[in-house]
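Participant: So the chains spell out like this:
6 protein chains.
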Amino acid sequence: MAKRVLLICFLGLVFAFASADHSPLQDFCVAQAGNPKTVQANDFSFSGLHLPENTPNPVGSEVTPETVTHLAGLKTLGISMVRIDIAPWGINPPHTHSRATEIWLVLEGTLEVGFITSNPDNRLNSKILQKGDAFVSPQGLIHYQRNIGFGNAGTVAALGSQNPGVITIANVVFGSMPDISKDIFAKAFQVDKTIVGKIQSKF
Amino acid sequence: MAKRVLLICFLGLVFAFASADHSPLQDFCVAQAGNPKTVQANDFSFSGLHLPENTPNPVGSEVTPETVTHLAGLKTLGISMVRIDIAPWGINPPHTHSRATEIWLVLEGTLEVGFITSNPDNRLNSKILQKGDAFVSPQGLIHYQRNIGFGNAGTVAALGSQNPGVITIANVVFGSMPDISKDIFAKAFQVDKTIVGKIQSKF
Amino acid sequence: MAKRVLLICFLGLVFAFASADHSPLQDFCVAQAGNPKTVQANDFSFSGLHLPENTPNPVGSEVTPETVTHLAGLKTLGISMVRIDIAPWGINPPHTHSRATEIWLVLEGTLEVGFITSNPDNRLNSKILQKGDAFVSPQGLIHYQRNIGFGNAGTVAALGSQNPGVITIANVVFGSMPDISKDIFAKAFQVDKTIVGKIQSKF
Amino acid sequence: MAKRVLLICFLGLVFAFASADHSPLQDFCVAQAGNPKTVQANDFSFSGLHLPENTPNPVGSEVTPETVTHLAGLKTLGISMVRIDIAPWGINPPHTHSRATEIWLVLEGTLEVGFITSNPDNRLNSKILQKGDAFVSPQGLIHYQRNIGFGNAGTVAALGSQNPGVITIANVVFGSMPDISKDIFAKAFQVDKTIVGKIQSKF
Amino acid sequence: MAKRVLLICFLGLVFAFASADHSPLQDFCVAQAGNPKTVQANDFSFSGLHLPENTPNPVGSEVTPETVTHLAGLKTLGISMVRIDIAPWGINPPHTHSRATEIWLVLEGTLEVGFITSNPDNRLNSKILQKGDAFVSPQGLIHYQRNIGFGNAGTVAALGSQNPGVITIANVVFGSMPDISKDIFAKAFQVDKTIVGKIQSKF
Amino acid sequence: MAKRVLLICFLGLVFAFASADHSPLQDFCVAQAGNPKTVQANDFSFSGLHLPENTPNPVGSEVTPETVTHLAGLKTLGISMVRIDIAPWGINPPHTHSRATEIWLVLEGTLEVGFITSNPDNRLNSKILQKGDAFVSPQGLIHYQRNIGFGNAGTVAALGSQNPGVITIANVVFGSMPDISKDIFAKAFQVDKTIVGKIQSKF
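Residue numbers (full-length UniProt numbering), protein chains in the order written: chain A, 1 to 203; chain B, 1 to 203; chain C, 1 to 203; chain D, 1 to 203; chain E, 1 to 203; chain F, 1 to 203.
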């Protein structure tokens, strides 16, 4: 019977990704390609979250996710993890995870973090975090992190979904494929279309 | 027993708003202040969704919501409704509802609508809608509407939460209380701080 | 990675329909047969909800659903829509949706609508609706609509499930395949078996 | 801390009944009026399910529920139980539980049981059960039981909700308060209004 | 359309077991191998729960489950059933079901039953049950049953998951494959490793 | 309106703890005693997770939780965090969280970790972790950690519930209040009652 469950899970892993978080229906659901018998501790493990990553992108940060796409053992278990590295005065730019609340733990450095509540208040709750400090950003709210120290800042975060999704505001509004009409952003942000065009050209 | 359930619901209505959508535990949970016996059809009804509203705001649109805040009968039932009016070339600016998928139905006019997928694709799926056309924007994705016709445009939308929440991107990133640091947006949008300041001054 | 998610979703669309509403695990899950790259705005759109349908059936009404069976884009998103047309004095007969609350919006005409609470109260909450009025029928409760005006009545409704299910009382109790024993309905409705037989013969 | 959780639960028990089934947030949530310290095994226990009840009502059956209304220990736990007694040729008339699947176990006697699928098939799945037989009626579908033996029939059933709700078809359609218009049922069941009136007079 | 849903469910039954309990998306999801048309009442029925089973194992009890593994009709319906037989002074040893609350009903005999709350209280709630008595063990808590009568004891139980899972404490801690280090259990239970070794040798 | 939601949440915080994880109905639900206006960033933040705690207990480990009991901001958000310190050769003894999957991240030291699958396989999946390694223990399964290095070991863990619950096996089975009968454990673990008595005396 155990083998049958594994076989079912193996096939399920390949064929069916589209269900609800939490409340799993079996212990776990993971299998290596072609051979469901090879389930092992490594399917539930990953390494290197203590190592800072380079931060080569224009905003000065790098995100290293461990979601169900990277670790099959997370399937149906409703949680995932990520490491974020930020260079001095770099930012993890404003973004949202529509399917997960996030808790950050600062491993090193000094970060300003914040989230903004939904309409109509749009209230910013921000705080400066040091090593060992943690902060919760509620599900779906836009949040950011900024390194305000002299050295690199590193954090790990846990998120309440096997696949939380990331919507980076600037990328979505100015870098979509194809572009959204300049007219829309000129109105939404109440600026000239030429400014919108300039911004779009960078994404 | 029915009275007892109503009494419990009445108190629950006042005291406890903080649970999960869907899967209600009773037929419904609604009561007028002070007298649970007065539950009636009006608690489940609202009017006037056929009437265009004025669109006095700078973006040329007006949103008239019917959520659990406006209609107690929606409590625990996981759905709500909204009417949106947009003046010619006005927009319902890019926003997201982190707790709900939305379906729009065009009552009159011609609209361009679209949503953008999450990272890394940020793909825009847009379409021009006429009277009688409907469009689905998946839960948590940023979406917008633009009136591209000569007259007013009116739509009704249903959302899969009693309280879907609205996060209007421009308001959140440029109009939060207090302001987010100009530095963060200059980096995120890769523009001068002076431009960020100009935009913030309008929100 | 995006292609891989699409491929998984495409296969999931074909092979696995049996999971829980709400809390999706990805932006959406839709694909055309044979080619997951062809996801497009049309997968999230449908048309013609402003057009009255003929009402040729004996009860004088016609229901035009847009559920996940008709629109793949609704998969995992927990919502669907329907148009209902009712001829003068026709009815949308008493029925229930066990998986969804429903909100109707009257597009034209005058309707009497109502739902009945569960045991032991079985209280009817009914109301007369005009154009622009809306009404909520809580999940699982039996409800009906009757055109009490002089012209056709048209409504659209949103339902909180991608596949709400319809259980039309008269069809289920008198028109099942095979028939339920006459004896059961004679007892349940406290009438002669000959009357039960007459009613069954019409379904 | 334990006392605090109990106090919170005690108040929650009185004030807030309106949340979702399953996925509890604490071991359990139960308290006696006025003193949360008195939680005990009796809050999770009930007796007498082996004893046949009289079946005095017109349909020849009696239902003895043990839901959260009767046993506080069931709160947030998503399950309940019921005993059903049916006199020879009596019936448990067609009804539905919109919030629960039901499993019956026959303790004594011989029963015909069945459920009918939703539209458009309305297929009856029925079976004759003896002592020790069990049968599953899926969530929301209309089902019934009929004693077809010479002695009394007794069953216990488990339901997947702390408060499954009961919608007895005949009571709802012919016995609501106030009555539904005769015209509606004459159309829905395609019979004379006089027959509808006769049936209504019995409920 | 009905056939298509069945085909989808049939394939789903084979390929995808990994989703959440409750809130089904269709009436049910069951099919015989190779031919989805053969859905029938037997897919929702099982027999023999009135018959005592032998209790040949060292603890003097036998468990006869009816979960989704044994009865395809339970798929997506969030409930299952089990019969437990216990010889005089035999036990159903301490175990937990992490995915389900359980309700027992005593069919014959006299049982001591109990569950223990989580940290920090670890309070035992126990009770002696006779024929016709029922008892609820909340989701995830460790519980046991002991026959304290002179004859056999038989109970049926309903559980709030199609696949509740069983974690028998002694088997897991002393009988895992491979063994957990003796050192861990010597520390955890504060006994000599030689005692741990003796216990492990029996599992 | 925002104030009203806060007031409702404030009262809800005090009176109603008993609902389902995830799928919040508002941005968050937190308030200081007596004054809902004082919501602030500190309600979402905690400190000191980088600091090793003393490990004075007999098993050589200390657990420092940050759940909803400690941080009101976690309410309705379905996630929590914990720091675990283990002295050399100390253990975090076998235990389970019935409401949450757990991910550990090793901050310092060398740990052996493992979880055991449910019946009938009871398969141990274990692994040695170094600084920067992470490991997932699926919801409800019994797991443990052992420091096998020369210095202290420190980990942080995220759990998918605001209140995951802890069931430490040894404490529950040998240290419940009141004690479980020796006879039950003698049978369950297949040892002499005198050994059971010795073990019970230590808890």
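Be careful, since some hints might not be right.
[What the hints assert, rightly or not] The calculated DMTMM-like cross-link candidates involving lysine to aspartate or glutamate, where the alpha carbons are at most 25 Å apart (straight line), are: (1) K198(B) - D121(A); (2) K193(B) - E112(A); (3) K202(A) - D179(A); (4) K127(D) - D43(C); (5) K131(C) - D121(C); (6) K131(E) - E62(D); (7) K198(A) - D121(B); (8) K182(A) - D192(B); (9) K182(B) - D192(A); (10) K202(B) - D121(A); (11) K131(A) - E53(F); (12) K182(C) - D192(D); (13) K202(D) - D183(C); (14) K131(D) - D183(E); (15) K193(A) - D192(B); (16) K193(E) - E62(F); (17) K131(E) - D43(D); (18) K202(F) - E53(E); (19) K198(E) - E112(F); (20) K131(F) - D179(A); (21) K193(E) - D183(E); (22) K198(A) - D179(B).
[To be verified] Here are some chain A residues the structure puts well away from chain F; computed CB gaps all over 10 Å: (23) A41; (24) N57; (25) V59; (26) T69; (27) G78; (28) V106; (29) K127; (30) A134; (31) M177; (32) D192; (33) G197.
[To be verified] Partial list, computed: chain B residues near chain D (C-beta under 8 Å): (34) L25; (35) Q26; (36) D27.
Since the hints were made in silico from the structure, they are not lab data. As the structure is a prediction and not an experimental result, all values here were calculated from the model. Positions of the beta carbon are idealized from the N, C-alpha and C atoms, including for glycine.
Participant: With reference to the structure, classify each hint as holding or not holding.
Facilitator: Here's how the hints hold up against the structure:
1. K198(B) - D121(A): holds (21 Å)
2. K193(B) - E112(A): holds (19 Å)
3. K202(A) - D179(A): holds (12 Å)
4. K127(D) - D43(C): With a Cα-Cα distance of about 42 Å, the restraint between K127(D) and D43(C) is violated, given a limit of 25 Å.
5. K131(C) - D121(C): Violated - the C-alpha atoms of D121(C) and K131(C) are around 31 Å apart, more than 25 Å.
6. K131(E) - E62(D): The hint holds at about 20 Å.
7. K198(A) - D121(B): At roughly 21 Å apart (the allowed maximum being 25 Å), D121(B) and K198(A) satisfy the hint.
8. K182(A) - D192(B): It holds: about 19 Å lies between the C-alpha atoms, which stays within 25 Å.
9. K182(B) - D192(A): holds (19 Å)
10. K202(B) - D121(A): The hint holds at about 16 Å.
11. K131(A) - E53(F): holds (16 Å)
12. K182(C) - D192(D): Distance ~19 Å between K182(C) and D192(D) Cα, so the pair holds.
13. K202(D) - D183(C): The hint holds at about 17 Å.
14. K131(D) - D183(E): violated (51 Å)
15. K193(A) - D192(B): holds (16 Å)
16. K193(E) - E62(F): Cα-Cα ~23 Å, so holds.
17. K131(E) - D43(D): Roughly 18 Å between the alpha carbons, so the hint for K131(E) and D43(D) holds.
18. K202(F) - E53(E): violated (38 Å)
19. K198(E) - E112(F): holds (23 Å)
20. K131(F) - D179(A): violated (44 Å)
21. K193(E) - D183(E): holds (7 Å)
22. K198(A) - D179(B): Holds, at about 23 Å.
23. A41: violated (4 Å)
24. N57: holds (23 Å)
25. V59: holds (23 Å)
26. T69: holds (14 Å)
27. G78: violated (5 Å)
28. V106: V106(A) not clear of chain F: closest Cβ-Cβ about 8 Å, inside 10 Å.
29. K127: Incorrect as stated: the minimum Cβ-Cβ distance to chain F is 4 Å, not above 10 Å.
30. A134: Given that some Cβ of chain F is not farther than 10 Å from that of A134(A), nearest at about 5 Å, it is violated.
31. M177: holds (30 Å)
32. D192: holds (33 Å)
33. G197: holds (34 Å)
34. L25: holds (5 Å)
35. Q26: Given a least distance of 6 Å, the restraint on Q26(B) holds.
36. D27: This interface hint holds because 7 Å falls under the 8 Å limit.
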